[in-house]
Each structure stands twice: as C-alpha cells, then as structure tokens.
Amino acid sequence: DGGITQSPKYLFRKEGQNVTLSCEQNLNHDAMYWYRQDPGQGLRLIYYSQIVNDFQKGDIAEGYSVSREKKESFPLTVTSAQKNPTAFYLCASSIGGRELNTEAFFGQGTRLTVV
Amino acid sequence: GDSVTQMEGPVTLSEEAFLTINCTYTATGYPSLFWYVQYPGEGLQLLLKATKADDKGSNKGFEATYRKETTSFHLEKGSVQVSDSAVYFCALYTIQGAQKLVFGQGTRLTINP
Chain A
2 DGGITQSPKY LFRKEGQNVT LSCEQNLNHD AMYWYRQDPG QGLRLIYYSQ IVNDFQKGDI
62 AEGYSVSREK KESFPLTVTS AQKNPTAFYL CASSIGGREL NTEAFFGQGT RLTVV
Chain B
292 GDSVTQMEGP VTLSEEAFLT INCTYTATGY PSLFWYVQYP GEGLQLLLKA TKADDKGSNK
352 GFEATYRKET TSFHLEKGSV QVSDSAVYFC ALYTIQGAQK LVFGQGTRLT INP
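Protein chains in written order, with my numbering: chain A, 2 to 116; chain B, 292 to 404.
One chain only, chain B, in its complex shape:
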C-alpha cells in the first residue's frame, strides 16, 4: 500500500544552520506530495506542496522538490530560526487506489538560539 517514510528525529540545530528533513514514498500511480507543520498543542498546517514530478514547493523559506526517479520529497531551509521549532510531517495523496491522505511519522525539529 501507499506509505511515507521520514528521517528519524528528533533533530536539533543551531539558529541559522541549514536544514534537511528526508522524505521518501511508495505509492500507486503519481501522488501529490505535501509537507505539514504542527506547533505544540495544535492541528497541522500546510507548509508546501507539489502535484507533479520536478515541481518545487516553497513557503516561508522552506523548499521541497518532487523527485519521481528517487521517490523523494526532501524538505530544506537555508537558515533556520528558533520559530521553526515544530514537528514536520510529509504526506501523499493519490487518486489511484484508496484515495486517502497518508502521513509519515513526523520529525521533531528544535532550533537553539
């Protein structure tokens, strides 16, 4: 079945460091890919998305590129801030198969000043 695998957390970085959170997927057909962010005690918010191969999603300095050949959608940011501390989820949706949103296990990110 469809699945998403994220890099194990937690991840701890210093302010202004470069961030990469890896995400790979297995899916029927060609899914849409998403990154969501969750702040403490809240629901999830969409961070960025890509709906076809080679698309790049970007928002708030974060970027991710849909790589069909490696089935990946890694999240990157050039210079993180303390306010970026949160849990990040990679997700997919495919119109083939079950037509449901599938999430990775989440990666907790902590940024120290």
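With the rest of the complex left out, here is chain A:
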C-alpha cells in the first residue's frame, strides 16, 4: 500500500539534545512538508521541499534543520536551539510543482516531549 510513514509515534528528548524525526513516503511525490501543531493551534510550516536536494524555510524554521537526499525521505532534526520543541509534528507529501490537483497526504504524526 502506498502511503506516508512517520516514526516514532512518541518521542522524548532531554533538554539540550538534538533529535531526528523520520518521514518516508512511497507515493513517488516530489513535494514534502513538515508542520508543527501545538494544542488548540493550527498547522505552522517548518520546512518544505519541492524536489530532491532542495528545500525552503517555512514560517518557523529557527531551531530546526532538514535534508532531502532521497525523493522518498525528508527527516526533520529538532536542535537544542529550538526553545520550545514540545509539540505534535506532522509530515506531508504531495505531487507538488505546477500540478494544481496537489492534495497532500499526511503521516500519523510524532508527538515530541522534552523532559
């Protein structure tokens, strides 16, 4: 079955540590996205990538980093520079580019808690 997979579902991090969230898709999508969702809040865009080896900052990129070395993978690293990392993180993919019918498919999310 085609889909998008995030792992782990729950993640605990000590203050001062970097942690990497995994996102893999087998939908052959060019575009991938990372969003952060806080309780009672909407989705805020962290980073997005329209093509392999290229990515752009979203609205809240500070304290985060990404890579896009393979089409199917878009890992997100939450660095120690992120002051308030506890949140629900959602990864999405879409056909992207100049295709208007570019609905997004979402993973199940990773809930990160700093302890």
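No wet-lab data here; the hints were simulated from the structure. Bear in mind that the values here come from a model prediction, so they are computed numbers and not experimental data. Do not take every clue at face value.
Stated by the list, open to error - DEER-style ranges, computed between Cβ atoms:
#, chain 1, residue 1, chain 2, residue 2, range
1, B, Thr-319, A, Asn-102, 42 to 50 Å
2, B, Thr-361, A, Pro-9, 39 to 47 Å
3, A, Ala-62, B, Ser-370, 38 to 46 Å
4, A, Gly-3, B, Asn-350, 18 to 26 Å
5, A, Ala-62, B, Leu-337, 21 to 29 Å
6, A, Asn-19, B, Glu-306, 44 to 52 Å
7, B, Thr-362, A, Gly-17, 42 to 50 Å
Unchecked claim - Footprint (simulated), chain A over chain B, 3 or more residues, beta carbon under 8 Å:
#, region
8, 325 to 337
9, 378 to 386
10, 393 to 399
Every residue gets a Cβ at the ideal spot worked out from N, C-alpha and C, and that includes glycine.
With the hints as your guide, set chain B onto chain A.
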C-alpha cells in the same frame, strides 16, 4: 503572501443541525482549495477539494463551493452527526509564488447527541 482565514472555534452543535464553517483566502493567482479533517491524535485526511472557480467539492455529505468573487470556500453539511466531531482545516495551493500548501488555523467542531 498567501493566507487562509477560518472562522473562530470551537463550534458546538446538536446532532442533525446544519453546519457552516467559513473560510476565506488571499492568494497569488488562482489556487486550488481543500478541506482537511483531523481526528484526535491523528494526521489530517483530505475531505474535499476544488481546483477552479465555481467548482463544488463534496464528500460524506459535506460540500464547499469555490467562489472567486468572494475568495471563499465555506464548508457546509445539512445534518451533522456525532462522528463528525473533529478539527477542520481549510487550505490552498497555488502554482504561482512559493508553491507550498498553506493552512488556516483550524476549527474544532463538537457535535452533541
């Protein structure tokens, strides 16, 4: 830049009531418009979409019409059920500009039996 504005929540209705969740947008060019739904602890699922003016998207009794003249894409359902309780997000995508998905802030809907 591109943006989406949804009506403030939370919204609480009784079963079988009529639902409207307002959504307006600002975008470069002519975007595609989407409604997504999120159930507790899960990712988002596409509910319906429209890719050009006057298109009507529909699914599971929900409908929304792409209105270019009012830059709106309001979500409606004639008779809601308890199982419709969730958070609803309006979103847009445009091939002009940054080519990224932009979401509204979400509207939490609770349906009481």
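Right, here's what the structure says about each hint:
1. B:Thr-319 - A:Asn-102: 42 to 50 Å: For A:Asn-102 against B:Thr-319, whose Cβ atoms are near 18 Å apart, the range 42 to 50 Å is violated.
2. B:Thr-361 - A:Pro-9: 39 to 47 Å: Holds, since B:Thr-361 and A:Pro-9 (Cβ atoms, about 44 Å apart) stay within the stated range.
3. A:Ala-62 - B:Ser-370: 38 to 46 Å: Cβ of A:Ala-62 to Cβ of B:Ser-370: about 43 Å, so the range 38 to 46 Å holds.
4. A:Gly-3 - B:Asn-350: 18 to 26 Å: Roughly 20 Å apart at Cβ, these two residues keep to the hinted range, so it holds.
5. A:Ala-62 - B:Leu-337: 21 to 29 Å: holds, 26 Å
6. A:Asn-19 - B:Glu-306: 44 to 52 Å: holds, 47 Å
7. B:Thr-362 - A:Gly-17: 42 to 50 Å: The hinted range 42 to 50 Å holds for B:Thr-362 and A:Gly-17, with Cβ atoms some 45 Å apart.
8. 325 to 337: holds (count 8)
9. 378 to 386: holds (count 4)
10. 393 to 399: holds (count 6)
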